[in-house]
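Student: Taken in order, these protein sequences are the chains called A and B.
At position 236 of the first sequence the residue is numbered 236 (the numbering used here), and the sequence of numbers has no breaks.
At position 339 of the second sequence the residue is numbered 339 (the numbering used here), and the sequence of numbers has no breaks.
For the record, the hints were derived by calculation from the structure and aren't laboratory data.
Just so you know, these numbers come straight off a predicted model, no measurement behind them.
Incorrect hints may appear among the rest.
Here are the simulated DSSO-like cross-link-like pairs (lysine-lysine), alpha carbons at most 27 Å apart as the crow flies [claimed, not checked]:
#, chain 1, residue 1, chain 2, residue 2
1, A, 343, B, 360
2, B, 109, A, 497
3, A, 126, B, 360
4, A, 304, A, 283
5, B, 365, A, 126
6, B, 109, A, 500
7, A, 335, B, 246
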Amino acid sequence: MAIEHLVALSRLQFAATALYHFLFVPLTLGMTWILVIMESVYVMTGKPIYQDMTRFWGKLFGINFALGVTTGITMEFQFGTNWAYYSHYVGDIFGAPLAIEGLMAFFLESTFIGLFFFGWDRLSRKQHLLVTFLMAIGTNLSALWILIANGWMQHPVGAEFNYVTMRMEMTDFWAVLFNPDAQAKFVHTVSAGYVTGSLFVLAISSWYLLHNRDVEFAKRSFRIAAAFGLASVLSVIVLGDESGYTVGEAQQTKLAAMEAMWHTEPAPAGLNLIAIPDEAAQKNDFEVKIPWVMGLIGTRSVSKQIPGIIEIKQKNRLRIQNGILAVEALEALRKEPGNPALKTRFAQYQADLGFGLLLKKYTANVANASSAMITKATNDTVPRVAPMFWSFRLMVALGFGMLALFSLATWYSVKGCFAQRTWLLRWALYFLPAPWISCELGWFVAEYGRQPWTIYGVLPTHQSVSTLGVASLYGSLAGFLGFYTVLLVVEMFLMVKFAKQGPGSLGTGRYANEITQH
Amino acid sequence: MFDYVTLKIIWWLLVGVLLIGFAIMDGHDMGVGTLLPFVGKSDLERRVVINTVGPHWDGNQVWFITGGGAIFAAWPLVYATAFSGFYWAMLAVLWALFFRPVGFDYRSKIDNPTWRSTWDWGLFIGGAVPPLIFGVAFGNLLQGVPFHFDNDLASYYTGTFWALLNPFALLCGLVSTSMITFHGAIYLSHRTEGEIQRRALRAATIFGILLMILFALAGWWLYAGIQGYVISSPLDHGEMANPLAKTVIRQSGAWFANYARAPLTMLLPLLVFLGSTLALLLARKDRTLLAFVASSLAITGVIATAGAAMFPFIMPSSTDPSSSLTVWDSVSSSLTLSIMFWATLIFMPLIIIYTSWAYKVMAGKVTAAYIREHDHSAY
Numbered sequence: 001m002a003i004e005h006l007v008a009l010s011r012l013q014f015a016a017t018a019l020y021h022f023l024f025v026p027l028t029l030g031m032t033w034i035l036v037i038m039e040s041v042y043v044m045t046g047k048p049i050y051q052d053m054t055r056f057w058g059k060l061f062g063i064n065f066a067l068g069v070t071t072g073i074t075m076e077f078q079f080g081t082n083w084a085y086y087s088h089y090v091g092d093i094f095g096a097p098l099a100i101e102g103l104m105a106f107f108l109e110s111t112f113i114g115l116f117f118f119g120w121d122r123l124s125r126k127q128h129l130l131v132t133f134l135m136a137i138g139t140n141l142s143a144l145w146i147l148i149a150n151g152w153m154q155h156p157v158g159a160e161f162n163y164v165t166m167r168m169e170m171t172d173f174w175a176v177l178f179n180p181d182a183q184a185k186f187v188h189t190v191s192a193g194y195v196t197g198s199l200f201v202l203a204i205s206s207w208y209l210l211h212n213r214d215v216e217f218a219k220r221s222f223r224i225a226a227a228f229g230l231a232s233v234l235s236v237i238v239l240g241d242e243s244g245y246t247v248g249e250a251q252q253t254k255l256a257a258m259e260a261m262w263h264t265e266p267a268p269a270g271l272n273l274i275a276i277p278d279e280a281a282q283k284n285d286f287e288v289k290i291p292w293v294m295g296l297i298g299t300r301s302v303s304k305q306i307p308g309i310i311e312i313k314q315k316n317r318l319r320i321q322n323g324i325l326a327v328e329a330l331e332a333l334r335k336e337p338g339n340p341a342l343k344t345r346f347a348q349y350q351a352d353l354g355f356g357l358l359l360k361k362y363t364a365n366v367a368n369a370s371s372a373m374i375t376k377a378t379n380d381t382v383p384r385v386a387p388m389f390w391s392f393r394l395m396v397a398l399g400f401g402m403l404a405l406f407s408l409a410t411w412y413s414v415k416g417c418f419a420q421r422t423w424l425l426r427w428a429l430y431f432l433p434a435p436w437i438s439c440e441l442g443w444f445v446a447e448y449g450r451q452p453w454t455i456y457g458v459l460p461t462h463q464s465v466s467t468l469g470v471a472s473l474y475g476s477l478a479g480f481l482g483f484y485t486v487l488l489v490v491e492m493f494l495m496v497k498f499a500k501q502g503p504g505s506l507g508t509g510r511y512a513n514e515i516t517q518h
Numbered sequence: 001m002f003d004y005v006t007l008k009i010i011w012w013l014l015v016g017v018l019l020i021g022f023a024i025m026d027g028h029d030m031g032v033g034t035l036l037p038f039v040g041k042s043d044l045e046r047r048v049v050i051n052t053v054g055p056h057w058d059g060n061q062v063w064f065i066t067g068g069g070a071i072f073a074a075w076p077l078v079y080a081t082a083f084s085g086f087y088w089a090m091l092a093v094l095w096a097l098f099f100r101p102v103g104f105d106y107r108s109k110i111d112n113p114t115w116r117s118t119w120d121w122g123l124f125i126g127g128a129v130p131p132l133i134f135g136v137a138f139g140n141l142l143q144g145v146p147f148h149f150d151n152d153l154a155s156y157y158t159g160t161f162w163a164l165l166n167p168f169a170l171l172c173g174l175v176s177t178s179m180i181t182f183h184g185a186i187y188l189s190h191r192t193e194g195e196i197q198r199r200a201l202r203a204a205t206i207f208g209i210l211l212m213i214l215f216a217l218a219g220w221w222l223y224a225g226i227q228g229y230v231i232s233s234p235l236d237h238g239e240m241a242n243p244l245a246k247t248v249i250r251q252s253g254a255w256f257a258n259y260a261r262a263p264l265t266m267l268l269p270l271l272v273f274l275g276s277t278l279a280l281l282l283a284r285k286d287r288t289l290l291a292f293v294a295s296s297l298a299i300t301g302v303i304a305t306a307g308a309a310m311f312p313f314i315m316p317s318s319t320d321p322s323s324s325l326t327v328w329d330s331v332s333s334s335l336t337l338s339i340m341f342w343a344t345l346i347f348m349p350l351i352i353i354y355t356s357w358a359y360k361v362m363a364g365k366v367t368a369a370y371i372r373e374h375d376h377s378a379y
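Extracted from the complex, chain A is given alone in its bound form (with noise of 0.2 Å):
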């Protein structure tokens, strides 16, 4: 059917730029704390080591940055031109946070960044660190804004339909805007970017010490990025599990998928360490079960219990069937507005019309809708288990991962002897893309866990895709693909060239590697 492709297509190509955008977006976060902690240093001793620290780890920056910005323009457009009726039906609640980014954040970040590549000579040193600070602030904000936004996606508040515009209505700014999941959110993934950040930057000085140059600038850069490191894997490991908390909570349907729990156990429930999901049968092949674990985290107590899958699924059809009236008595309302019976009749009901509208993926006429339809939907609601018990598993390993090469690190740095550790300078190199696996393996489970709906509980994503047609999503997305290609292949071989050429980049004559190219 040409809508089923049609809705494939457009989250195969929101996914796509997405997932893209979000490999220089962490970096991007953690880079520039990391240029604040730099440039304080030299602000503090006048050491101009710590100046071409700054300026080095800068040039890198970036580099990162371009493409973050050209590929974050994406992300403005995509909701309006591929995702239409989802951008009517929650724009006066999903656009406000939006444009407040832009207003509050991107214009902070983006006019110093200017001033920080260019303002050197022409700003004190105390004017420049503010710049810097200002850009970091600037930077941060907007990925408050735009995890606001996404915590309303994911946990609904402060909103109510309106019949006379067909569309959810912002009804409590300070409730969308201090939405526990988005702040859960919010901590949790700039947190990883700092991560990302330190990893990069202690990966990169490893290589240096390992090659056994720039000695002095690499174990400074080091230092500090182990530090940094280790505090914000810490807040990572935390704030996931204060997500974790908050999913329990609000969507304890990905929290099931998550963790392959179908079925509700006495509390406190057992978290599954390994286990083989089989999606048919709705049970796990094999499992591996740490007893107590999952419900501490999932509901802070060793009372309250954490629904299984098969339970969630049965709440949802009782849900289905009662949106499938919020359907019918809006559609008799539509046509008589103000008629004060219908208009009680779909107050009842109002609470569950996006789960009538589930149905929409398989009839046009929702209220005739048969019994193996409302079966359909009621599978829908829950997302396939596998890739999210796995993805969710490879990133918290990771982060376990990270958390060790930090410690590590740090313990070293304090000790003074990391330099002589090959090993761990090693492990350092070879951790590089950790980070980054760990970040978009995080925005899968956060997104693809939210399936079947765009806004959970309220606009399945079925029904929220533009009116457009198969072939366009074709060209565009072939499009997106041959441009990002080009523009990593362009990036990467940039990142490389100045990563492995070094300090000596700058031109100042200190180090090693001078060359005449810029």
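Once you have looked at the hints, place chain B on chain A.
Tutor: What follows is chain B alone, placed relative to chain A:
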């Protein structure tokens, strides 16, 4: 604080301000990009040209991003209908914009003529294509766009990409391109000296005169050959936003009715001629900063002229006029408009203050000596 009707009008004005801000700020960067391959003959000259906007283009681009975000937040139906309806046009803008961040940042990092000239043409595309397409889009808005809504308010665009490229719309595209190139040339004359400045002034003369001629031509065409739209049913302006609750008819001369109703608005098209002429005269007298103010006024005139003609319409529908989007019925809820108003009121002055500071820090002519001195750090 404000009633819904007032908020709707405020947001029409604010979107106008953001569009004008975008055209003035990002516009001069795009104008500079468009002129780059022509006013910069050698690599050194091109680096001078690029570095006049180097520290600022990124901040200026945010006018565009914030404009998009503001339309999303304040006019979600316009954002949804226009972005999806103009699918290929929007993608063309987007893909053209791809060349800018990488073009600016990567160009001078490798000392290779092919590499550099490739990015120079990339910067040209990133500068020339968006204004052209925005002009074409405005030309289509003035004629009406083929779309309608179903009962669930899903929008259906029934035209093709090629239909957007009709003669009147292309003329509007040229108006927009001339305007932005003119503005960029004036800016360049302010920030450069010698041969580059002379070339920039020549470009300013050409595109300034072109702007006035094409703008007059488009005005005449609009008057003589294009029907406007009128709301023909009684409409409570304070009602909740539902674009299906009115009827609209097409009418000759409708786009000029606002000018007859409020004759002061006729100053807006006059501003285009006044601003352009003044900018050209001032630039010749080496009062280039004032010339920049004057060309900014000309830009304000062009955009406000179109806005005032169409009010209260934002995006009229040619195939189902009653589906047309207006300031009354394609807006967000009163609460969202109000919150966004306050957010804009707080942040816009701050943005203007620190942007001005950034320009002040980087003020002065960009010279060949500056580039040589900053060989490793300049773009």
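Student: Does each hint fit the structure? Answer for all of them.
Tutor: We went through each hint and held it up to the structure:
no. : hint           : result
1   : A:343 to B:360 : 59 Å, violated
2   : B:109 to A:497 : 10 Å, holds
3   : A:126 to B:360 : 17 Å, holds
4   : A:304 to A:283 : 22 Å, holds
5   : B:365 to A:126 : 25 Å, holds
6   : B:109 to A:500 : 14 Å, holds
7   : A:335 to B:246 : 15 Å, holds
The structure fails to meet hint 1 from the earlier list, while all remaining hints are met.
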